[in-house]
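*Asks:* Chains as they are written, first to last, in our numbering: chain A, 1 to 213; chain B, 1001 to 1213; chain C, 2001 to 2213; chain D, 3001 to 3213; chain E, 4001 to 4213; chain F, 5001 to 5213; chain G, 6001 to 6213; chain H, 7001 to 7213.
In case anyone wonders, no lab produced these hints; they're calculated from the structure. Any given hint might turn out to be false.
[Unchecked claim] Now the stretches of chain G that chain H is said to cover, found in silico as 3 or more residues with beta-carbon under 8 Å:
# : region
1 : 6138-6151
2 : 6166-6175
[Stated by the list, open to error] In silico DSSO-like links for lysine-lysine, alpha-carbon gap of 30 Å or less:
# : chain 1 : residue 1 : chain 2 : residue 2
3 : G       : K6212     : F       : K5100
4 : A       : K14       : C       : K2100
5 : B       : K1212     : C       : K2100
[What the hints assert, rightly or not] Pair by pair, the computed Cβ-Cβ distance ranges are:
#  : chain 1 : residue 1 : chain 2 : residue 2 : range
6  : F       : I5022     : G       : P6040     : 53 to 63 Å
7  : D       : E3104     : H       : A7021     : 52 to 62 Å
8  : A       : I22       : E       : E4104     : 53 to 63 Å
9  : G       : E6068     : F       : E5041     : 30 to 40 Å
10 : A       : S210      : F       : A5209     : 56 to 66 Å
11 : E       : D4108     : F       : E5031     : 49 to 59 Å
12 : G       : A6209     : E       : R4105     : 37 to 47 Å
A quick note: this is a predicted structure, and the numbers were derived from the prediction, not measured. By construction, the Cβ of each residue, glycine as well, lies at the ideal position given by its N, Cα and C atoms.
8 protein chains.
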Amino acid sequence: ARTGIPEVIFGEGKDPRDVRAIFLDYMERGEQLIATRVTPELLEALSDKLDALHHYADARILCTRQPEPDHTRQTVMVISAGALDRRVAEEACVSAALLKNPVERVFDVGVAGLNRFAVELDRFDNAGIIIVCAGMDGALPSIVGGLARQPVIAVPTSVGYGASFGGVAPLLSMLNSCSPGTAVMNIDNGFGAAVLATKINQLASRAAASPKG
Amino acid sequence: ARTGIPEVIFGEGKDPRDVRAIFLDYMERGEQLIATRVTPELLEALSDKLDALHHYADARILCTRQPEPDHTRQTVMVISAGALDRRVAEEACVSAALLKNPVERVFDVGVAGLNRFAVELDRFDNAGIIIVCAGMDGALPSIVGGLARQPVIAVPTSVGYGASFGGVAPLLSMLNSCSPGTAVMNIDNGFGAAVLATKINQLASRAAASPKG
Amino acid sequence: ARTGIPEVIFGEGKDPRDVRAIFLDYMERGEQLIATRVTPELLEALSDKLDALHHYADARILCTRQPEPDHTRQTVMVISAGALDRRVAEEACVSAALLKNPVERVFDVGVAGLNRFAVELDRFDNAGIIIVCAGMDGALPSIVGGLARQPVIAVPTSVGYGASFGGVAPLLSMLNSCSPGTAVMNIDNGFGAAVLATKINQLASRAAASPKG
Amino acid sequence: ARTGIPEVIFGEGKDPRDVRAIFLDYMERGEQLIATRVTPELLEALSDKLDALHHYADARILCTRQPEPDHTRQTVMVISAGALDRRVAEEACVSAALLKNPVERVFDVGVAGLNRFAVELDRFDNAGIIIVCAGMDGALPSIVGGLARQPVIAVPTSVGYGASFGGVAPLLSMLNSCSPGTAVMNIDNGFGAAVLATKINQLASRAAASPKG
Amino acid sequence: ARTGIPEVIFGEGKDPRDVRAIFLDYMERGEQLIATRVTPELLEALSDKLDALHHYADARILCTRQPEPDHTRQTVMVISAGALDRRVAEEACVSAALLKNPVERVFDVGVAGLNRFAVELDRFDNAGIIIVCAGMDGALPSIVGGLARQPVIAVPTSVGYGASFGGVAPLLSMLNSCSPGTAVMNIDNGFGAAVLATKINQLASRAAASPKG
Amino acid sequence: ARTGIPEVIFGEGKDPRDVRAIFLDYMERGEQLIATRVTPELLEALSDKLDALHHYADARILCTRQPEPDHTRQTVMVISAGALDRRVAEEACVSAALLKNPVERVFDVGVAGLNRFAVELDRFDNAGIIIVCAGMDGALPSIVGGLARQPVIAVPTSVGYGASFGGVAPLLSMLNSCSPGTAVMNIDNGFGAAVLATKINQLASRAAASPKG
Amino acid sequence: ARTGIPEVIFGEGKDPRDVRAIFLDYMERGEQLIATRVTPELLEALSDKLDALHHYADARILCTRQPEPDHTRQTVMVISAGALDRRVAEEACVSAALLKNPVERVFDVGVAGLNRFAVELDRFDNAGIIIVCAGMDGALPSIVGGLARQPVIAVPTSVGYGASFGGVAPLLSMLNSCSPGTAVMNIDNGFGAAVLATKINQLASRAAASPKG
Amino acid sequence: ARTGIPEVIFGEGKDPRDVRAIFLDYMERGEQLIATRVTPELLEALSDKLDALHHYADARILCTRQPEPDHTRQTVMVISAGALDRRVAEEACVSAALLKNPVERVFDVGVAGLNRFAVELDRFDNAGIIIVCAGMDGALPSIVGGLARQPVIAVPTSVGYGASFGGVAPLLSMLNSCSPGTAVMNIDNGFGAAVLATKINQLASRAAASPKG
Ligand SMILES: Nc1ncnc2c1ncn2[C@@H]1O[C@H](COP(=O)(O)O)[C@@H](O)[C@H]1O
Ligand SMILES: Nc1ncnc2c1ncn2[C@@H]1O[C@H](COP(=O)(O)O)[C@@H](O)[C@H]1O
Ligand SMILES: Nc1ncnc2c1ncn2[C@@H]1O[C@H](COP(=O)(O)O)[C@@H](O)[C@H]1O
Ligand SMILES: Nc1ncnc2c1ncn2[C@@H]1O[C@H](COP(=O)(O)O)[C@@H](O)[C@H]1O
Ligand SMILES: [Mg+2]
Ligand SMILES: [Mg+2]
Ligand SMILES: [Mg+2]
Ligand SMILES: [Mg+2]
Ligand SMILES: [Mg+2]
Ligand SMILES: [Mg+2]
Ligand SMILES: [Mg+2]
Ligand SMILES: [Mg+2]
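Okay, chain A solo, but in the shape it has when bound:
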């Protein structure tokens, strides 16, 4: 496509037969097809083809070809807050890898470990772009953004209950982050974060290839 992002199917709610047909088509042509939010029904409909496909269970992603990272690109670091935020963080990680970015995971960074966190700052400096997935209070992107020079992409998750309102609490928190310039995604949208990271990385590559001034 004109935007440089390959075809990606959103699986949830789709008719399993339609999705199967598209997969068979891409497999035959040997092209990459990525499906996010794959449901048990979709997997069932493709059960006889799963050996030839790549399934990332935690990330709920199914695709025809393995990731082929472009090592000239900057590393995308994916940070998650709580144990339950991992699902969304994995969607971001696997999507970013399939879109050719080197990926590094820093999971389960809870508020309890903040003093430890402050110490490890150097490690973060190796990353080019940081994605932060957090539910509940959505405070982690503010903390990361207050310390990092990198672009920070915040993904609110629907993790929480009661007044988290399915992710509204962290969404609002992130939109109002005290750390200016935080890029906010839709609730649970790990895939979108990976697309933005990819577009940033592609820009950096173009800039490196043909420097201005």
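Given chain A, put chains B, C, D, E, F, G and H with the ligands in place with the hints provided.
*Replies:* Positioned in the frame of chain A, the structure of chains B, C, D, E, F, G and H with the ligands alone reads:
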């Protein structure tokens, strides 16, 4: 009153003549009367009596007698996030002082200073109770609560714009704090935070006076 | 942890195999592990170990060791409004007990019994901290707070239908309580109330141990 | 009108010249005209006629003729919670009186006085219909309704700040009242409460006039 | 109870064993017990006793004794808008009957029939109190209230989809009814409407029994 | 423009100097320019040109040329509910006239007049398209739509207070209208209603000019 | 009916036995009956009659007689944005056909194809009325409306997740469309769009039959 | 600061004397100080110093030093939708320039010009990063994002009325953009967009300076 908290008037919206009458009454009897959210209109109506009263402009509090802290009580530390949160933080400070608590201010703790913040942890250990006032993302109480053993009282402020929705963003953030046990107050309710701190301090005094077990 | 609160797992949504592994680890080391919001799936995954564990069905809590109340602490009184609020109230009670607080239950205090309620006020004076769990109109904490000198912790519950919006009605009611200083928790967060009560009790103990002034 | 309720104008936002014209018309015909929510602009436009009109400043009501209560009807008791709720309570009182009901005021019944309140229950038994106006937590109608056999009409007021959301908090509280059968009005709608009380009183009069069975 | 309304249990969410126990107790004592929102689980738990009980399937009400209407009271007319609003309307009808009111049903009064509706106005004049149940636009109570002299009780239902938001659309419509004095209930609260109608009818009976003036 | 609707400026918030410049430009060229939501500031900035312009005060519309209705088109009937809804209704009327539609006004059709309304149905049959402007409960479009065969365009107004939430109550009511096929506009958007009516009328003209089949 | 729209049943939530009875009645009389939102339960209840009925699975519509388009009417073009919006688009298509309109489908017009879309504009000129179904950002009706002279009817769908809030995001987007005069329907209300299109087409037919002026 | 973004003051609500003091301090030291959202009160307080400062009225920005763009960086293109969105777009432009980015403005790209827009695509290819500011339906970022390979930063504006809810409509539209990877900012936060663009540009510069792989 039965609850041990003295009479406090909420000034906003009250008829200035009514408020003047109550003040004159308390002044005559030499008793403590506290008014919060005092407006310019109320001050105008009492302009001839202001010399004999105590007015805390930032806190928007007017009262008949000065604070008389009870130094056997634990210190109430009041932390504020941004410059504009000071107004609510001052309401908490002055209220707490008038309710006889020793008070310590730690203002303008922005996200930028988090690494500095982590270093100063020992200072916080001297406080008995911590009140945190923050607008925008409301992240600060989670950070403090993740590091402190003290009871933490969070006050969301209406500081912010757009999707802060007049304080809803930090309110939801605080209700969903990753740091469990955070006590949440209404938006901008610095006074309520001071009352809760006072009730906690009174309990501690009673416990010290007549130990159990 | 630095905060003095032991490790607690939120069960809902977790992978049963992960939770089982953590429990086996703690059981082997003979340490206390508490899981709240335990689901039938989690219990199933630990079915062969339930004899050696402690399961509180109403509270939906599972742990490795029994409560060992510290009788030098103040009693935490847990009041519930309606029959369906008991579940949340039990979460508060069992959590508070496991965090070493003496606990007293006052359940099913409906609005119908308010005249009776006013009479029993003396009984409440024996408690150090009061937790009030209520759904629907969330009016009970205001009533208790108007009569009690103790710190009052209000837990809105998702009990109700229609315009209760899953607990929003009592949440807003409690945040706007006419009884100032009410500490508000997230909807259905009985555990958080117990943590705050514990932090208050620990402060009282520290105050008793090393008096100021 | 078919409904038995006389013509009532809602003043806010109306063109003062239009309202003046209607008043002059009714004055000439010697008929009762009631305007609620009268603004300073409306009063200004009728300043030369105010001597011949009746203006109730607190209630913000202007009318051509005085109340003429029908003493065969049941008393409408109007209870208000806080000092700032009086404005709405007065709208209910004056409207009810103008619609021919005997009216009794019980103002400033705060949560602090609940034990006193429980004692005065007998006094309430003299009323036929009870209107309760309350802002903030909107808890008072639940308390009254739990003790009263009369129809209870609840009017949420916009008194409060922050998470009261202009009266949404008491509105939701009242819709979810633990005291079943509470009739809820729009926020600040003291007039509507008076109309409902009138319709109930008219039914009672009809029932007394021509008994069934 | 002091309020003159008998004991009523809300069935949804209750433990079937608890509810069974209460029913057995009341059956033994020969007293009236009413349960609303009875679920299949509750019916199952009482399956061996259903012959001796009264079950109203559409209304989801179970009780120990049949209605015994008091024919000296005014008729409660229950009007419903659409086919799916019947469930809530039946809850209002059966509750009102069990609380001793004569009841008349006027169901499926859609907007299409408004010209027919205007003609039948006389029929409505025979009723003492009118309950209107409507979902979607919630317009029917405004129409009825604009034509009726009786007290009108409006019950918004959760019938609808999309922007009806589970009954919020008709709830707001009713709170803002152009027909002043409309008494509004919680969404789907047919029972509450019956309680209010009963309190009004009881007042009318008391007024008839001991006339004033 | 491609859509057949002439240039229209939304006045509110615009810099008066910019708007003046555009008007001078169109006046010079002798072309039609329409500005809606004109504020006193805009009128002030054009005060020396008002004689040569056409100003419709109630509609808040200013334009360079008078309406020139196309009498071969169907009449657009504009119905308003309450006195305060007239402002929005006038915006619809004047806009529709300027867009060349014959217009007929039916204002102040309150709920009280519904029986009268039902009688006048024949009059409505003369209109081709009906626009209904209503605030508060937004019930009127449902009533009209239940009786009319014409396309009905509903405009919710911000008239009301409290739980009307600035027009949300009638907006939701209209989106959930029991009369299917109601076209809903944004709150207070009388202009949009006129544009839709125009597009419908233009289609009818095209259909009449070149009949199919 | 007076409005010229035949009887249509909303299937969801209806008792299957009631719906079966109505269908049998209409089949016997040989009249058209349309049911939308038919559920598997309804189909099951009519399983022995399905051969004689017409079932449109994607549209979830069941009816007694086939569409009989009136070819003198203008074509209704139904455009859908994403793959999942097809369901609602099909409800609009089948409903429009059953209401006698010629129908043309333009499905899966995603944002990626906008440059292609701009090229195909001529094709759209053949349609008389355009219905656009879109979820997520709801941007498509603005794009279509900015280019089309036809009346545009926008149907927000519940397709999306997180901050789409079940269709609220596209609903608000459409109500605020930069393309004025967009007719907005309730979320997922393809049927309503078809009714409005029919009323517009009927008006055009009447206009063609008896021209004015 | 650690993040590479210089000190920026948010002006709205600040005490003019405090802001004056900070400006004097920075002016003396000859350092860059940027204040956004400067109000007339702040300008008044600095009126004697304005000659030595730089004031961008449309952008509401005041600073001590002029922009010094770094021409080795990628161009930041700022696109605005409607005339009223310019204010926010100017905040983004001036902020981006002050943070050393080359800036290009593409203002007033309304939906009407979409066919023209599609033609100009090549021009956009010269930009490195695209910021899109839009109110009302917030559709423009979806359109741009569907055509551009660059990172797209979307800023919802509070432009609109009624159901735009102060910018909520475009905010939700942007969060649900059909064009994946759109970075969303808080409502009216042009400054935040400029900060994110700067962080992306800085990354590109670092990548160009020390290529990987
Ligand atoms: N997990 C996801 N979250 C958000 N958008 C997605 C996701 N997966 C795929 N998409 C986007 O959804 C669109 C595919 O929609 P569809 O044609 O309905 O499959 C494409 O624009 C994808 O880039
Ligand atoms: N304070 C009030 N609150 C609510 N409705 C009122 C009030 N005062 C008058 N009304 C009603 O508003 C309508 C008058 O509206 P209008 O014709 O615009 O003056 C009538 O139905 C009155 O009964
Ligand atoms: N899919 C639909 N969405 C909205 N309204 C519908 C739909 N299908 C039928 N209706 C309308 O719903 C009403 C039928 O409601 P009921 O009497 O409950 O079947 C009629 O006014 C129909 O025109
Ligand atoms: N227009 C703006 N929108 C959002 N944040 C801003 C804006 N201008 C400055 N800031 C940020 O607000 C903070 C300054 O807050 P304060 O210390 O209260 O002046 C810094 O983090 C700035 O980067
Ligand atoms: Mg966490
Ligand atoms: Mg801050
Ligand atoms: Mg209860
Ligand atoms: Mg009060
Ligand atoms: Mg209906
Ligand atoms: Mg009206
Ligand atoms: Mg799409
Ligand atoms: Mg625009």
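*Asks:* Taking each numbered hint in turn, which are not upheld by the structure, reported in ascending numerical order?
*Replies:* 4, 9
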